[in-house]
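Once you've looked at the hints, dock chain B against the given chain A.
2 protein chains.
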Amino acid sequence: MQTDYKLHFACVFYILSSILRSNMDHYEELKNICKDRATAVPAELCCYGADGSQVKGKPDYVLFPKTTAEVSQILAYANTHLIPVTARGAGTGLAGGAVPVNGGILLDMSQMNQILSIDIDNIQVTVEPGIVADKLNEALKPYGFFFPPDPGSAATCTVGGQIANNASGMRCVKYGTTKNYVLNLEVVLADGSVINTGLNCLKSSSGYDLSRLLVGSEGTLGIITKAVLKIAPIPKARKLVMISFPSPENAGLSVSRVFAAGVTPSACEILDRTSVSVLTKLDPDVIFPRDGDVVLFEVDGSKNAVDEAAELLAKACEDISSSILITDDPVKMKEIWDARRLLGAAVSKIDPTKTRIYVGEDLGVPIQKLPAMISKVYEITGEVGITPMIYGHVGDGTVHVGLFIDVLDENEWQKLHAAADKLHLAAIELGGTVSSEHGIGAARGMYMEKQCGPAFTVMKTIKKALDPNGILNPGKLGL
Amino acid sequence: MQTDYKLHFACVFYILSSILRSNMDHYEELKNICKDRATAVPAELCCYGADGSQVKGKPDYVLFPKTTAEVSQILAYANTHLIPVTARGAGTGLAGGAVPVNGGILLDMSQMNQILSIDIDNIQVTVEPGIVADKLNEALKPYGFFFPPDPGSAATCTVGGQIANNASGMRCVKYGTTKNYVLNLEVVLADGSVINTGLNCLKSSSGYDLSRLLVGSEGTLGIITKAVLKIAPIPKARKLVMISFPSPENAGLSVSRVFAAGVTPSACEILDRTSVSVLTKLDPDVIFPRDGDVVLFEVDGSKNAVDEAAELLAKACEDISSSILITDDPVKMKEIWDARRLLGAAVSKIDPTKTRIYVGEDLGVPIQKLPAMISKVYEITGEVGITPMIYGHVGDGTVHVGLFIDVLDENEWQKLHAAADKLHLAAIELGGTVSSEHGIGAARGMYMEKQCGPAFTVMKTIKKALDPNGILNPGKLGL
Chain A
0 MQTDYKLHFA CVFYILSSIL RSNMDHYEEL KNICKDRATA VPAELCCYGA
50 DGSQVKGKPD YVLFPKTTAE VSQILAYANT HLIPVTARGA GTGLAGGAVP
100 VNGGILLDMS QMNQILSIDI DNIQVTVEPG IVADKLNEAL KPYGFFFPPD
150 PGSAATCTVG GQIANNASGM RCVKYGTTKN YVLNLEVVLA DGSVINTGLN
200 CLKSSSGYDL SRLLVGSEGT LGIITKAVLK IAPIPKARKL VMISFPSPEN
250 AGLSVSRVFA AGVTPSACEI LDRTSVSVLT KLDPDVIFPR DGDVVLFEVD
300 GSKNAVDEAA ELLAKACEDI SSSILITDDP VKMKEIWDAR RLLGAAVSKI
350 DPTKTRIYVG EDLGVPIQKL PAMISKVYEI TGEVGITPMI YGHVGDGTVH
400 VGLFIDVLDE NEWQKLHAAA DKLHLAAIEL GGTVSSEHGI GAARGMYMEK
450 QCGPAFTVMK TIKKALDPNG ILNPGKLGL
Chain B
0 MQTDYKLHFA CVFYILSSIL RSNMDHYEEL KNICKDRATA VPAELCCYGA
50 DGSQVKGKPD YVLFPKTTAE VSQILAYANT HLIPVTARGA GTGLAGGAVP
100 VNGGILLDMS QMNQILSIDI DNIQVTVEPG IVADKLNEAL KPYGFFFPPD
150 PGSAATCTVG GQIANNASGM RCVKYGTTKN YVLNLEVVLA DGSVINTGLN
200 CLKSSSGYDL SRLLVGSEGT LGIITKAVLK IAPIPKARKL VMISFPSPEN
250 AGLSVSRVFA AGVTPSACEI LDRTSVSVLT KLDPDVIFPR DGDVVLFEVD
300 GSKNAVDEAA ELLAKACEDI SSSILITDDP VKMKEIWDAR RLLGAAVSKI
350 DPTKTRIYVG EDLGVPIQKL PAMISKVYEI TGEVGITPMI YGHVGDGTVH
400 VGLFIDVLDE NEWQKLHAAA DKLHLAAIEL GGTVSSEHGI GAARGMYMEK
450 QCGPAFTVMK TIKKALDPNG ILNPGKLGL
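Protein sequence lines, in the order shown, are assigned to chains A and B.
Sequential numbering of the first sequence, starting at 0, is according to numbering that gives the first Met the number 0.
Sequential numbering of the second sequence, starting at 0, is according to numbering that gives the first Met the number 0.
Don't read these hints as lab results, they were simulated from the structure.
Please note that a few of the clues may not be correct.
Claimed, not checked - Derived DSBU-like pairs: lysine-lysine, alpha-carbon spacing no greater than 35 Å straight-line:
{"no.": "1", "chain 1": "A", "residue 1": "Lys173", "chain 2": "A", "residue 2": "Lys225"}
{"no.": "2", "chain 1": "B", "residue 1": "Lys449", "chain 2": "A", "residue 2": "Lys459"}
{"no.": "3", "chain 1": "B", "residue 1": "Lys333", "chain 2": "A", "residue 2": "Lys235"}
{"no.": "4", "chain 1": "A", "residue 1": "Lys353", "chain 2": "A", "residue 2": "Lys459"}
{"no.": "5", "chain 1": "B", "residue 1": "Lys333", "chain 2": "A", "residue 2": "Lys225"}
{"no.": "6", "chain 1": "A", "residue 1": "Lys414", "chain 2": "A", "residue 2": "Lys302"}
{"no.": "7", "chain 1": "B", "residue 1": "Lys57", "chain 2": "A", "residue 2": "Lys235"}
Excised from the complex, chain A in its bound form (with noise of 0.2 Å):
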């Protein structure tokens, strides 16, 4: 690996200038630019420390900016004095990616968080990035239509967290991942200049796309404050379709087969046999097939399209499947849904000596690897006796990975940073990610290297290129 002179420079010179001029100089001045909103309170940065990670850091001060204004003003200071800013959305990440490994500001955008414009015709929003996912939800459902993406986190992650971090859910397989949605973003850049990064067109092939090099860069490249999203109608109906399988290997041959099939369904969750054992122990009555590995698909549209979909689904796995549950009764399939949500938490609830703890929980590999992947997950968990519960959209080949130890016991944490970063390389190893959609942030940066091979230097080119001082979020992608 090249050593990055001109970082360690600018951590030096970040260091000297710190003695020069004291962090709360610094303080005064940020304050001043975002009208007194802004604390340096310990008790209070210290909230600003993690997210749903292992990540720790500290900010020296948190922002809380209202307008575009600010957060150029804010950028333009921190570019001349080589302070580090971290831009945070409500801090649901799982990978650290809103934590200030390298202190500096910390931009809290929760206060930029209105939706400035809902316009049905031209099939698109302009939202602030501090808006909550689900309130972005709220206001377009009276018109008919949504905002695809659907992290698990929707309920309080930030429209620019999700942004941020290219962030998709369970029906991405059908609606595709945010970057299938973002039209336009206005992002202040290290230096302070605001852009827009596309037009607030549904198409255009105008040079090279910006938008989609922001989406996903973790706050790296610049700061979104403002985005112009492209929305989708609501379907009409939804039926799900519940199959076991003999075997993974089974479960994971029927999304190909439901696709030449000609059915994209919206979701396509995997729930192995140890999954359903969790699920059944802990409610014994619940609604899940106990003769092997599930899969949860679910097929939406107009009313016809969705029988007719999902008895195409259903007949193209009947000869590979044990047994097939066809509904849409409201009551059982939010039964089922929320058994596959509780899952995460599921094995706490049954021993509470036991914390999952999201480390190697967001593997990805092509379909037809899902079964290489979760046989390796039963391996390497083996080995260091820890018993993984994987779940995940197989529709996109997304393996999620729950493991769960005593935190107050040392070893278990040795054996589970063991097992984790395991993970990591077997996924890569099958042509997979380290991450499909949690992202990189500080928790995984030491992969992209490994995963990306000489692309990783065609990124840092990129960031060196776009941020010279390094100030965007150091510390993240591994950059």
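Relative to the frame of chain A, chain B by itself:
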């Protein structure tokens, strides 16, 4: 605009080095790399000096690489000797993207035309860039799958060209543009190094999206040597709904009505009343309504879904339309689509003295601005006395303008270019794009700064960072 000293220096260096070391010396070296698959015969070079646009150029020599290693060696050599390199697929472009305006090396990619794998289980194919789009779809057909991006030139254009241009067509309103289907590209960079821009997974949230950065970069950042593409199931049924409207405003309004009704049409084409009258003059029996501006909607999917969608669609437009025809008769559908496809050439058939020239032909605006854009087209062309024909993909705001002149009349050429300039500026004024799907190339580079604003500086920064000597397709994208 900032003066690009580096590019000037590169040009001067190139001229000087050409004096010291003749082009033919370079040619011999490059020919060796390509194992004699090369030409410098002037008559043959002329074939590589144009595409479907008015942009002209001439390469110094044409190379026909067959492997990534050859492309890598060629680029390393070109980078050392500062020789421009322009890649070309089938030369079907409409903006001069593949025209070597600065001379140098023309890489004819048509011999790298293999389908390397069809992997239905992973819902993807791996191809070389020179494969013709329709040939790929022929190969996929027996599996029940297809590669959805459908430019009008699909019968001859290459997939590499589609990617470099982010091509799309009528069906992108449902299926998205080429960028939605690129999983992973093998790309040779300016210095000859080879990267993979992504993984063969359907989903990954791991750093900068280099795949999307390369898609639509028109050969200015790297040469694509391999592509892993997502594919989609061929729909089982199609239905056409042809609706005429009393005004272009109502035609424009129909789109959001249809989306709001929960229908995502697989095509959504507008033909203004001038276009329709051209078609009816050409064939008085053509099945087109004579009473207004027409939108052709197509819905696809499973049988019942298609029936239901057609009904919903018609209902959504009932009170704003003049007449509605629903058909799934393959003969009628073919006749209607054939007439639509004939449109570009129709005027020439009626008046053999007129030829359609592709300038200002690919505007795009937010959907709601379509009526305003259409008015502007009439106003601008009216001023110079050219009758336009307007058609396009109303579902995504694409306005194709057909302008026809007597090519032997210099005065008509002047009027044409004046009109095209005003059309581009009008699209930008309406928040739109000078290219919705045909690309910028050399034909529209002069509008990039105006359209992109400060973001254009970011594009230049990226270009300089990844191609510091400016050898890759110089003179394109306004860079």
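Structure-based check of each hint:
1. A:Lys173 <-> A:Lys225: holds (26 Å)
2. B:Lys449 <-> A:Lys459: holds (29 Å)
3. B:Lys333 <-> A:Lys235: holds (31 Å)
4. A:Lys353 <-> A:Lys459: Measuring from Cα to Cα gives roughly 39 Å; hence the hint is violated.
5. B:Lys333 <-> A:Lys225: violated (44 Å)
6. A:Lys414 <-> A:Lys302: Answer violated: lysine 414 of chain A to lysine 302 of chain A is near 50 Å, above 35 Å.
7. B:Lys57 <-> A:Lys235: violated (56 Å)
In summary, the numbered hints that this structure violates are 4, 5, 6 and 7.
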